[in-house]
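Asker: Protein chains in written order, with UniProt numbering: chain A, 1 to 431; chain B, 1 to 431.
None of these hints come from the bench; they were simulated from the model.
Glycine included, each C-beta is placed from N, C-alpha and C at the ideal position.
Check before you lean on any hint, since a few could be wrong.
[Unchecked claim] Examples of chain A residues lying across from chain B (beta carbon under 10 Å, computed):
| no. | residue |
| --- | --- |
| 1 | L69 |
| 2 | A88 |
| 3 | S121 |
| 4 | W170 |
| 5 | V202 |
| 6 | F262 |
| 7 | L318 |
| 8 | P323 |
| 9 | L326 |
| 10 | F327 |
| 11 | F379 |
[To be verified] Just a sample of chain A residues kept apart from chain B, beta carbon distances all over 12 Å, derived:
| no. | residue |
| --- | --- |
| 12 | K2 |
| 13 | H22 |
| 14 | D32 |
| 15 | A58 |
| 16 | L117 |
| 17 | G204 |
| 18 | A284 |
| 19 | D312 |
| 20 | E344 |
| 21 | T381 |
| 22 | P407 |
| 23 | E408 |
Protein chains: 2
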Amino acid sequence: MKKMRLGLSMRYHGYHVAAWRHPDYVPGCNVDFRSYRDIARAAEAEKLDMIFFADGVAVRGTDQPEGALSHDMRNAELEPLTLLAALAGSTDHIGLVATASTTYNEPFHIARKYASLDHISGGRAGWNVVTSWSDQEALNFNRTENLPREARYGRAAEFVEVVKGLWNSWDADAFTHDKASGQFYDPDKLHVLDHRGPHFQVRGPLNSCRTPQGRPLIVQAGASNQGRDIAAEHADVVYSVSQTVEEARAFYADLKARAAEFGRLDNAPLIMPGITIYTGATQAEAQARFDELQALIDPLAGLNILYTFCGDLSGHDLDGPLPEHLFEGRITIGSGLLAKAKAENLTIRQLYESAAAGFTGRYIIGTAETVVDDLQHWFETGAADGFNICPPILPQGMADMSRFILPELRRRGLFRTDYEGATLRQNLGLG
Amino acid sequence: MKKMRLGLSMRYHGYHVAAWRHPDYVPGCNVDFRSYRDIARAAEAEKLDMIFFADGVAVRGTDQPEGALSHDMRNAELEPLTLLAALAGSTDHIGLVATASTTYNEPFHIARKYASLDHISGGRAGWNVVTSWSDQEALNFNRTENLPREARYGRAAEFVEVVKGLWNSWDADAFTHDKASGQFYDPDKLHVLDHRGPHFQVRGPLNSCRTPQGRPLIVQAGASNQGRDIAAEHADVVYSVSQTVEEARAFYADLKARAAEFGRLDNAPLIMPGITIYTGATQAEAQARFDELQALIDPLAGLNILYTFCGDLSGHDLDGPLPEHLFEGRITIGSGLLAKAKAENLTIRQLYESAAAGFTGRYIIGTAETVVDDLQHWFETGAADGFNICPPILPQGMADMSRFILPELRRRGLFRTDYEGATLRQNLGLG
Chain A
1 MKKMRLGLSM
11 RYHGYHVAAW
21 RHPDYVPGCN
31 VDFRSYRDIA
41 RAAEAEKLDM
51 IFFADGVAVR
61 GTDQPEGALS
71 HDMRNAELEP
81 LTLLAALAGS
91 TDHIGLVATA
101 STTYNEPFHI
111 ARKYASLDHI
121 SGGRAGWNVV
131 TSWSDQEALN
141 FNRTENLPRE
151 ARYGRAAEFV
161 EVVKGLWNSW
171 DADAFTHDKA
181 SGQFYDPDKL
191 HVLDHRGPHF
201 QVRGPLNSCR
211 TPQGRPLIVQ
221 AGASNQGRDI
231 AAEHADVVYS
241 VSQTVEEARA
251 FYADLKARAA
261 EFGRLDNAPL
271 IMPGITIYTG
281 ATQAEAQARF
291 DELQALIDPL
301 AGLNILYTFC
311 GDLSGHDLDG
321 PLPEHLFEGR
331 ITIGSGLLAK
341 AKAENLTIRQ
351 LYESAAAGFT
361 GRYIIGTAET
371 VVDDLQHWFE
381 TGAADGFNIC
391 PPILPQGMAD
401 MSRFILPELR
411 RRGLFRTDYE
421 GATLRQNLGL
431 G
Chain B
1 MKKMRLGLSM
11 RYHGYHVAAW
21 RHPDYVPGCN
31 VDFRSYRDIA
41 RAAEAEKLDM
51 IFFADGVAVR
61 GTDQPEGALS
71 HDMRNAELEP
81 LTLLAALAGS
91 TDHIGLVATA
101 STTYNEPFHI
111 ARKYASLDHI
121 SGGRAGWNVV
131 TSWSDQEALN
141 FNRTENLPRE
151 ARYGRAAEFV
161 EVVKGLWNSW
171 DADAFTHDKA
181 SGQFYDPDKL
191 HVLDHRGPHF
201 QVRGPLNSCR
211 TPQGRPLIVQ
221 AGASNQGRDI
231 AAEHADVVYS
241 VSQTVEEARA
251 FYADLKARAA
261 EFGRLDNAPL
271 IMPGITIYTG
281 ATQAEAQARF
291 DELQALIDPL
301 AGLNILYTFC
311 GDLSGHDLDG
321 PLPEHLFEGR
331 ITIGSGLLAK
341 AKAENLTIRQ
351 LYESAAAGFT
361 GRYIIGTAET
371 VVDDLQHWFE
381 TGAADGFNIC
391 PPILPQGMAD
401 MSRFILPELR
411 RRGLFRTDYE
421 GATLRQNLGL
431 G
């Protein structure tokens, strides 16, 4: 029976905007390596496929409503690749996926760092490719504003080509280590890339051997047309953000069809929508956990979430509707959120409460049975190959997975009882 | 009594060019995390101040004599910051210093990654600032040749200013975590850098808290006039490359005087010349270890070392003198090596054998008593605050330190018996 893929998203120690105000949240855990290590080990004990860190290279939104930023937890974090390398030394099986931007990096560095993570972890590294959307990030890298979307994706496509090329610098058996003759490697098994394109001129070779997985996995999350093409051609895993099963099925079908056009005959890329789960022994208990966090949402922090998508709404009645102009023109990010606001006729407060519950992603409140019914439905009707679990608060969210969700998934035969392979690629069934 | 500072340089698993051909060298250990981990733990068990990784962002010398590169071990390695992060999770006390180039990086990334390493390691991170000297590196980053020295150092000086500014983004007590009021941090304790200089425009703030050491340590190795000024103003530790005690004393006095001009009243920066030690229970045993490795030097690999400094010498008689033109004009790298060749009237083979023994650095052959006499002389006559040990081969070189050198240093009261503080800064006595 086909198994569901499961990842755990660990950024900020929780995906509920008010997680840090919960009585059980330990102040400072979001920059405490040992806390991340313990959660990673708990996820590995449950045989999850991977842990994942989203990322941005700025404190975003430093120009939002007065005081909002200081009420938001998203200011202090650890750089995810550095953190994952440290976690590589503290775990043995679980996949390690970190985000890095193609807009603000150089392909040689990215190829080398992820190759190193793949070596260090014994074949468990994955790179989540993003193009970065905020102007705040541009301001940290000699620019006054972000690149336009087309330019970002043009650069991203070439960036990924270069990185994959560098990962092919050496054949697996290139290093002969022939002590007698003095030959360290076979020159016929070295491939100098010599890439010359519009954005990058990179000679290579990479100063690192071929990695245990052949190359680190590539993960992609962009839902735009260009993002889908990059994912279809290159990605091993796609993190999607669908809010409804219909939307998810359409995305799934589209992406697999595009992948087939690129000649990919396996089931890759695997599609793993994000989901935030509120659960408990009873529906009432699950609802109480949800309500407890919702009651802790600071209106300033709520408006700060919406700021990215809607601009400054602090002058508006929180219990009134969203300004009409938000629904006009081309929406580039947060479109799912705005569609929901329109469809359900939400007030500003209702919208930020809805967004806060899963940092703009999908969330579900229910017992193990209810939640697993939902996941199984998505999994078995062509909407998902698995899920990227974005817990509302950590480590509690992982403990809830262990206590409620994973036993029920296993009871139904939907999730593994042990790792099948030695590498992330093998565990994901990607050959 | 003042204690000597000791670091262990671990690149390539050994600083002798033929290390990998030694019967005891395990093929592939240079990309094996566990092997580095075991050596780091051995160094920590001996209370060494730090481990260190040099670095370059290319396979250097891809245009040297036919076949030479494939006989050189310096092709395959792990990216040092990624490796050190993994080692941070496997050690508790020892300092972790990795090299990163100011010519091929962006200050925001460097500030953030080293801050993260400092958090993860509990205050043990150091950044070795280099400007990169090879054209091969330029070819991996959209350039056809390296920047001229002046331009590199101008960029480096501003780069370090920006990184230090970003590390000051947050006061130590900025994060209030006030669950009741919803205030995550005190906005008065956030400092937006807003740097606008000739090379960099970086707004900040850094999306990471102030680190356990206040900021990661800064290490510098440049011996040029501009390099010395950067070191004098900013560095906590300087890795020098002096070949003689007289040269070392002059460098030491000059650098401490420059530091005083920058208003630095403590003993910083600490100056730690590199040294490769061949030792044993007797002088004959030490000499035999040296001879064994020297006998393994492949002429192609020997010429490849010299290639960087002398160009292609493969058409010359190896047992004849160096071409005269090498001693003309401005020498920018390897000047100590060429000076030695001239002073001692060395043949090409003698020069590469001399260079091979310590990858162009100083080396010494002797019993514990002889070696420690030498180190003590440097330490007590104003030539060094300690040493950066570049072992000929690992892990054997670290085992020799434990067996011979460290007991003798401790017998004379020159080296610690336990760590004094919790952070690298404290252990180095830098307050």
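Asker: Evaluate each hint against the coordinates.
Answerer: Each hint tested on the structure:
Checking L69/A against chain B: minimum C-beta separation of about 8 Å stays under 10 Å; hint holds. About 5 Å separates the beta-carbon of A88/A from the nearest beta-carbon of chain B, less than 10 Å, and the hint is met. Interface restraint check: S121/A against chain B, minimum CB-CB distance 8 Å, threshold 10 Å, status holds. Against a cut-off of 10 Å between C-beta atoms, the interface hint on W170/A holds, since the closest Cβ of chain B lies about 8 Å away.
About 5 Å separates the beta-carbon of V202/A from the nearest beta-carbon of chain B, less than 10 Å, and the hint is met. Annotation: F262/A was flagged as interfacial toward chain B, and the flag is violated, the nearest CB pair being 28 Å apart, outside 10 Å. Annotation: L318/A was flagged as interfacial toward chain B, and the flag is violated, the nearest CB pair being 15 Å apart, outside 10 Å. The beta carbon of P323/A comes no nearer than 25 Å to any beta carbon in chain B, farther than 10 Å, and the hint placing it at the interface is violated.
Nearest Cβ of chain B to the Cβ of L326/A: about 25 Å, over the 10 Å cut. The hint is violated. Annotation: F327/A was flagged as interfacial toward chain B, and the flag is violated, the nearest CB pair being 30 Å apart, outside 10 Å. The beta carbon of F379/A comes no nearer than 34 Å to any beta carbon in chain B, farther than 10 Å, and the hint placing it at the interface is violated. The claim that K2/A lies off the interface holds: its Cβ sits roughly 33 Å from the closest Cβ of chain B, which is beyond the 12 Å cut-off.
At roughly 8 Å from the closest C-beta of chain B, the C-beta of H22/A falls inside 12 Å, breaking its exclusion from the interface. Once the 12 Å rule is applied to beta carbons, D32/A is inconsistent with being away from chain B; the minimum gap is 8 Å. For A58/A, the shortest C-beta to C-beta distance to chain B comes to about 6 Å, within the 12 Å cut-off, and the non-interface label is violated. A beta-carbon of chain B comes within 12 Å of the beta-carbon of L117/A; the shortest separation is about 6 Å.
With a minimum CB-CB distance of about 7 Å to chain B, G204/A fails to clear the 12 Å threshold, and the non-interface call is violated. Even its closest Cβ contact with chain B, about 25 Å, leaves A284/A beyond 12 Å, as expected for a residue assigned away from the interface. No beta-carbon of chain B is positioned within 12 Å of the beta-carbon of D312/A; the least distance is around 17 Å. The non-interface label for E344/A is consistent with chain B: the shortest C-beta to C-beta separation is roughly 26 Å, beyond 12 Å.
The Cβ of T381/A sits about 39 Å from the closest Cβ of chain B, beyond the 12 Å cut-off, so the non-interface label holds. Against the 12 Å criterion, P407/A stays outside the reach of chain B, whose nearest CB is about 30 Å from its own CB. Here E408/A stays apart from chain B, with its beta-carbon at least about 33 Å from theirs, past the 12 Å limit.
Hint check: violations occur at hints 6, 7, 8, 9, 10, 11, 13, 14, 15, 16 and 17; the rest are consistent with the structure.
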